[in-house]
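Engineer: Just so you know, the sequences run in chain order B and V.
Start counting the first sequence at 1; every next residue gets the next number (UniProt numbering).
Start counting the second sequence at 1; every next residue gets the next number (UniProt numbering).
No lab work stands behind these hints: they were computed from the structure.
If you're wondering where the values come from, they're calculated on a predicted model, not measured in any experiment.
All C-beta atoms, glycine included, are put in the ideal place defined by N, C-alpha and C.
Okay, the calculated bits of chain V under chain B, using three or more residues with CB under 8 Å as the criterion:
1. 10-17
2. 36-46
3. 54-60
4. 73-86
5. 109-116
Number of protein chains: 2
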Amino acid sequence: MNTEPGNASIPRPIALDRAFASFDALWSPRIVTSVNDYDVRVAKVEGTHVWHVHDDTDEFFLVLGGELHIDLREPAGERRVTLPQGSLFTVPRGIEHRPHAPKGARILLFEPTGTPTVGDRHDEIPDHVDATTGTPIQI
Amino acid sequence: MNTEPGNASIPRPIALDRAFASFDALWSPRIVTSVNDYDVRVAKVEGTHVWHVHDDTDEFFLVLGGELHIDLREPAGERRVTLPQGSLFTVPRGIEHRPHAPKGARILLFEPTGTPTVGDRHDEIPDHVDATTGTPIQI
Chain B
1 MNTEPGNASI
11 PRPIALDRAF
21 ASFDALWSPR
31 IVTSVNDYDV
41 RVAKVEGTHV
51 WHVHDDTDEF
61 FLVLGGELHI
71 DLREPAGERR
81 VTLPQGSLFT
91 VPRGIEHRPH
101 APKGARILLF
111 EPTGTPTVGD
121 RHDEIPDHVD
131 ATTGTPIQI
Chain V
1 MNTEPGNASI
11 PRPIALDRAF
21 ASFDALWSPR
31 IVTSVNDYDV
41 RVAKVEGTHV
51 WHVHDDTDEF
61 FLVLGGELHI
71 DLREPAGERR
81 VTLPQGSLFT
91 VPRGIEHRPH
101 APKGARILLF
111 EPTGTPTVGD
121 RHDEIPDHVD
131 ATTGTPIQI
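Working from the sequences, and respecting the hints, build out all of it.
Structural biologist: Structure representation (structure tokens):
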């Protein structure tokens with residue numbers, strides 16, 4: 001949980017604009033707060049992520065700016081959902097998916113602390129994707 | 001999880017604008033999706049909620065429109081945090097708090113499914129506050 005400087009026990013509000021201004025890396029989520037054993041992460045994204053699957057957890061996406069597409073490989077076949085700014089979506093556990101943002105997007109994620117960005121199984125990780133469980137934000 | 005009409009297995013994106021347009025009640029959260037055993041809820045708020053505490057869970061607030069204040073009774077004393085649009089905050093478990101939005105606000109909440117809006121302990125509930133664990137959104 002983000003806290004007042006010098007006092008680890010007092011949580012403080014976070015302005016998303018300041019959070020996004022504090023980093024430039026793409027596909028490299030920053031942890032803005034925690035809720036019990038879950039993280040709230042924000043990320044700047046552009047281009048295509050990697051096909052991956054979280055076997056044991058759903059993954060929540062909220063698009064704060066730009067437009068995000070998520071390709072899904074479901075039992076019924078492959079489909080793409082499109083999330084304009086101000087849209088949200090939950091990828092169910094066990095569903096292989098690949099986020100994609102040709103023009104860039106700013107997103108907020110909610111998932112259990114320790115969840116890797118590339119899931120439990122994934123295709124070869126391209127250089128532009130940060131395989132991480134998130135980085136605490138510094139603001 | 002919100003799903004395609006007629007197919008309970010296919011989740012679909014939710015546009016926040018449509019979600020907020022679907023209800024008018026104040027202090028009466030609507031569940032827009034679920035993430036494992038957590039809910040994502042949205043609420044329209046105006047005026048003052050009730051002092052209450054969640055003994056066993058943190059509670060996440062994201063302000064999507066307007067401005068929200070949260071009064072907190074912490075061991076060090078009472079304070080108020082102010083969350084302009086685009087700000088987020090987590091109220092730690094066990095901390096008595098009271099949301100307040102004199103000019104109105106639209107908020108998003110993350111919390112475990114079944115978490116009551118008035119917590120585990122609370123002052124007398126005013127008529128304008130819906131004591132609920134959330135209502136599934138209908139859009």
